[in-house]
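> So the sequence lines, in the order shown, correspond to chains A and B. At position 160 of the first sequence (counting the first as 1) the number is 160 in the working numbering, and the numbers step up by one without a gap. At position 185 of the second sequence (counting the first as 1) the number is 185 in the working numbering, and the numbers step up by one without a gap.
Hints are computed from structural coordinates only; laboratory data are not their basis. Using N, Cα and C, we set each Cβ at its ideal position, and we do this for glycine too. Take these hints with a grain of salt, some might be off.
Heads up, incomplete: computed chain B residues facing chain A, CB under 10 Å, no partners named [stated by the list, open to error]:
1. Phe33
2. Ala66
3. Thr68
4. Val88
5. Thr89
6. Pro92
7. Ala114
8. Arg117
9. Val134
10. Leu138
11. Gln142
Sample of chain A residues lacking proximity to chain B, with all beta carbon distances greater than 10 Å (derived) [stated by the list, open to error]:
12. Val48
13. Val71
14. Asp183
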Amino acid sequence: MSLTVTLATARRVLEQLRGDRRTIALLLLVPCVLMTLLRWVFENQPDVFDRVGLQLLGIFPFVTMFLVTSVAMLRERTTGTLERLLTTPLAKLDLLLGYALAFGVAALAQAALASALALGLLGLDPTGSVALVLLLAVANALLGMALGLLVSAFAQTEFQAVQFLPAVVLPQFLLCGLIAPRDQMADVLDALSAGLPMTYAVDGMTQLGHTSSLSGDLLRDLVAIALGGVAALALAAATLRRRTA
Amino acid sequence: MNSSPRPLPTAAVRVAGLRVDRGGRRVLDGLDFTLPGAAVTGLLGPSGCGKTTLIRAIVGVQRVRAGTVEVLGLPAGSPALRARLGYVTQAPSVYADLTVAANVRYFAAVLGVARERGDRALEAVGMADRRRDVVGRLSDGQRARVSLACALLGEPELLVLDEPTVGLDPVLRRELWRLFHELAAGGATLLVSSHVMDEAERCDGLLLMREGRLVADGTPGALRERTGADDLEDAFLRIVERAEVAA
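All chains should be built: construct the whole structure from the sequences, respecting the hints.
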């Protein structure tokens with residue numbers, strides 16, 4: 001592993017992103033538009049907006065980074081650049097951490113803009129600090145990125161990669177406690193949701209709705225997110241084979 | 001990294017009994033040959049005869065069924081070979097959404113070589129004046145040359161090129177072949193695949209493949225002499241016909 005190569009990879013991924021203005025605009029503006037929409041959906045229920053708005057601030061980075069990363073990595077596979085990189089001294093971890101760094105930066109920009117709008121103009125009022133909201137948003141983005149890297153190994157085309165969003169992300173979205181509280185679900189689903197990473201991403205944001213500091217529950221969520229991300233990255237590394245059939 | 005100058009091995013690549021199956025089909029069926037060091041060897045044969053699979057086996061990215069592939073004295077795919085080998089795939093494997101300069105800069109960082117090498121590599125392939133262009137807007141031939149430049153960055157001891165001259169105009173092709181021979185004169189070993197026989201004439205040695213087997217191996221002169229043919233296309237046809245009569 002080499003820090004220079006990791007940083008060079010992060011820089012390269014960001015340069016690719018920078019060249020694609022439309023993706024940047026979508027990445028930054030879509031969460032803001034959706035957040036504004038949500039504000040008027042819950043026009044007469046500010047307390048519901050406080051809860052759901054905060055949870056969505058945790059979900060947006062997860063979903064967008066999942067999508068962007070799975071397509072970016074798939075491109076790397078289909079254009080042959082991945083095979084080329086794997087014939088060089090580059091360590092697999094250099095590539096994965098380079099991606100993590102680049103998309104972490106993109107996620108921070110996305111979360112900062114959406115949070116600024118939600119907290120500043122739309123009147124979202126979390127009990128937790130803005131720094132913790134941002135920290136959790138970036139952690140969620142990295143989790144989504146790690147899962148995206150992993151599923152890209154199972155897609156052969158961009159069509160397939162995009163289909164993994166409903167296949168992998170929607171079930172987590174349904175079970176994470178956003179639509180119905182987890183303790184009111186069937187026991188099996190409650191237990192299942194405890195094993196899904198997005199549950200902790202959303203629970204962490206829920207915690208920030210009513211606690212101001214780094215509570216034990218929030219810490220548990222962050223640890224779960226980190227473990228999920230590391231596990232997904234380790235599995236993704238295992239799918240990067242230097243020798244193929 | 002290189003603590004002491006190691007003696008040049010006489011054979012840069014040794015392949016023995018190589019068999020590869022892909023998707024239940026035998027693609028390479030028992031290949032045996034050696035590649036001489038510091039020379040340009042052409043790998044010729046019709047499309048689909050297994051050239052790319054053989055190249056992938058030498059580079060160490062192909063899973064093999066049986067046999068051995070030894071590159072620069074080490075088993076193909078050894079980590080120690082990664083810094084000593086350059087590989088250019090048939091489809092240009094560079095980032096289409098980056099500029100020429102950004103591609104070269106990135107691969108130089110990955111290979112751990114100085115950036116100045118990038119300028120030299122781009123000059124060698126005649127792309128120095130297109131540095132700021134986004135690769136995706138270049139022609140196929142120009143993209144192929146950027147891909148080649150990225151493989152030259154590490155000044156590899158073994159350079160494996162899969163159809164590097166497809167779609168290039170004759171002047172450019174001649175210049176690239178001149179570059180290949182310059183590299184070989186500097187001690188590098190090159191394996192260049194092609195499906196057009198008129199490139200065979202430019203090689204120091206030839207490997208002729210057909211349907212997963214090696215049908216001939218030798219210098220262009222020796223192959224012409226052996227078959228009594230005037231040109232290599234004719235020599236190749238005679239070799240294939242003789243093999244069919246024998247079979």
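> For a quick check of understanding: which of the numbered hints are violated here, in increasing order?
Numbers 1, 2, 3, 7, 8, 10 and 11, in rising order.
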